[in-house]
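Here the protein sequences come in this chain order: A and B. The first sequence begins at 1 in our numbering and counts up by one. The second sequence begins at 1 in our numbering and counts up by one.
Worth flagging that the hints you see were computed from the coordinates, not collected in a lab. Fair warning: there could be bad hints in the mix.
Among chain B residues calculated to face chain A with C-beta under 10 Å, some are [to be verified]:
{"id": "1", "residue": "I18"}
{"id": "2", "residue": "S43"}
{"id": "3", "residue": "F49"}
C-beta atoms are modelled at their ideal positions from N, C-alpha and C, and glycine is treated no differently.
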Amino acid sequence: EAQVTQNPRYLITVTGKKLTVTCSQNMNHEYMSWYRQDPGLGLRQIYYSMNVEVTDKGDVPEGYKVSRKEKRNFPLILESPSPNQTSLYFCASSLAAQNTEAFFGQGTRLTVV
Amino acid sequence: QKEVEQNSGPLSVPEGAIASLNCTYSDRGSQSFFWYRQYSGKSPELIMFIYSNGDKEDGRFTAQLNKASQYVSLLIRDSQPSDSATYLCAGPGYSTLTFGKGTMLLVSP
Numbered sequence: 001e002a003q004v005t006q007n008p009r010y011l012i013t014v015t016g017k018k019l020t021v022t023c024s025q026n027m028n029h030e031y032m033s034w035y036r037q038d039p040g041l042g043l044r045q046i047y048y049s050m051n052v053e054v055t056d057k058g059d060v061p062e063g064y065k066v067s068r069k070e071k072r073n074f075p076l077i078l079e080s081p082s083p084n085q086t087s088l089y090f091c092a093s094s095l096a097a098q099n100t101e102a103f104f105g106q107g108t109r110l111t112v113v
Numbered sequence: 001q002k003e004v005e006q007n008s009g010p011l012s013v014p015e016g017a018i019a020s021l022n023c024t025y026s027d028r029g030s031q032s033f034f035w036y037r038q039y040s041g042k043s044p045e046l047i048m049f050i051y052s053n054g055d056k057e058d059g060r061f062t063a064q065l066n067k068a069s070q071y072v073s074l075l076i077r078d079s080q081p082s083d084s085a086t087y088l089c090a091g092p093g094y095s096t097l098t099f100g101k102g103t104m105l106l107v108s109p
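One chain only, chain B, in its complex shape (with noise of 0.2 Å):
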């Protein structure tokens, strides 16, 4: 079964630090992956896909992807209060898109 792992949390970081986020995959033929951010009881959003090795980066974000160890992070800096949410990492399935189950994070003033 084709799998994305993260860990759950939370990771507390203060304001104005650098939020970092992993997730793992198990199948080496991935090709894309999207970080999604979810407000407690709301409905996914995107923040960012990847589809090549390396770094990718859009405002305060930087999505990084290692094929060869088969991880993908996302970076967030100057990280804010509103950044606390759920960050869902996904990749592909057999079928289907496959969810980590989200890590915690929590920015504290």
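Extracted from the complex, chain A is given alone in its bound form (with noise of 0.2 Å):
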């Protein structure tokens, strides 16, 4: 089955915890990025890679970083989580960066305390 898996589905963490959400997706997609979604403030973009070591800059890219070691994985990482990154993510990906449909992971709610 075509899917973007993503890990953990929730998760709950302390301010300055190193934390990794990880995605990975089994269409060999050349297009993969990474959203986070707040109330109000609908999808934004943090950081999209285009192929293998090849990332950017999204929209909201500020206390995040990102990996694309391999075509298939695209994980986010928080090096030093903040209250103000609580919120829902979601990692998708697509063959091509536009005019394609974009597959969404199953979102992972993060809690930072």
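Starting from two chains that each stand alone, build the complex the way the hints lay out.
Here's what the structure looks like:
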């Protein structure tokens, strides 16, 4: 089954404790991205990747890191999480950056206390 | 900046009515648009995509694209309570897909 898998689904952590949210897709997609979604603000892109070893900032990259060492994986790293990073996070993948359907992971609800 | 705008709603319609959701975009060169449905706390799922001017129908859903007026719409016929969700419009940005903030649809029994 074609899918984008995120883990964990839920995470509660403390301020400053490094964490990684994993994302993996099995569709051989070139393009992957991370979004956060907050009430009233919609989906905001954090980082995206056009291909292996190619990543770029989205609209709200501060406080986040990503890597794309393999085509299928695109982890999101929070080196020192803060409460304002409490949000619902989605990973997405697609064949190309535009004009193609984006497939979303199940989401990760992160709470930073 | 390439933008996609939607009314946040909520749009309330009775069961069986037609729900009309609208989206405007800033870039005249945009070629394709996508409508996603998102239930609360869940991930967005694709309902329709449209590349050409005019209408595209799929079951109870019709997407309309008017490039001259720079708007995209989604019509849902015979609305059901299960259609209650937030509908996201997406179009091309500079290097990625750009999403509107979504319109919440409430269908009352």
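Next item on the list: Go through the numbered hints given earlier and state which of them the structure violates, listing their numbers in rising order.
Entry: Hint 1 contradicted; others consistent.
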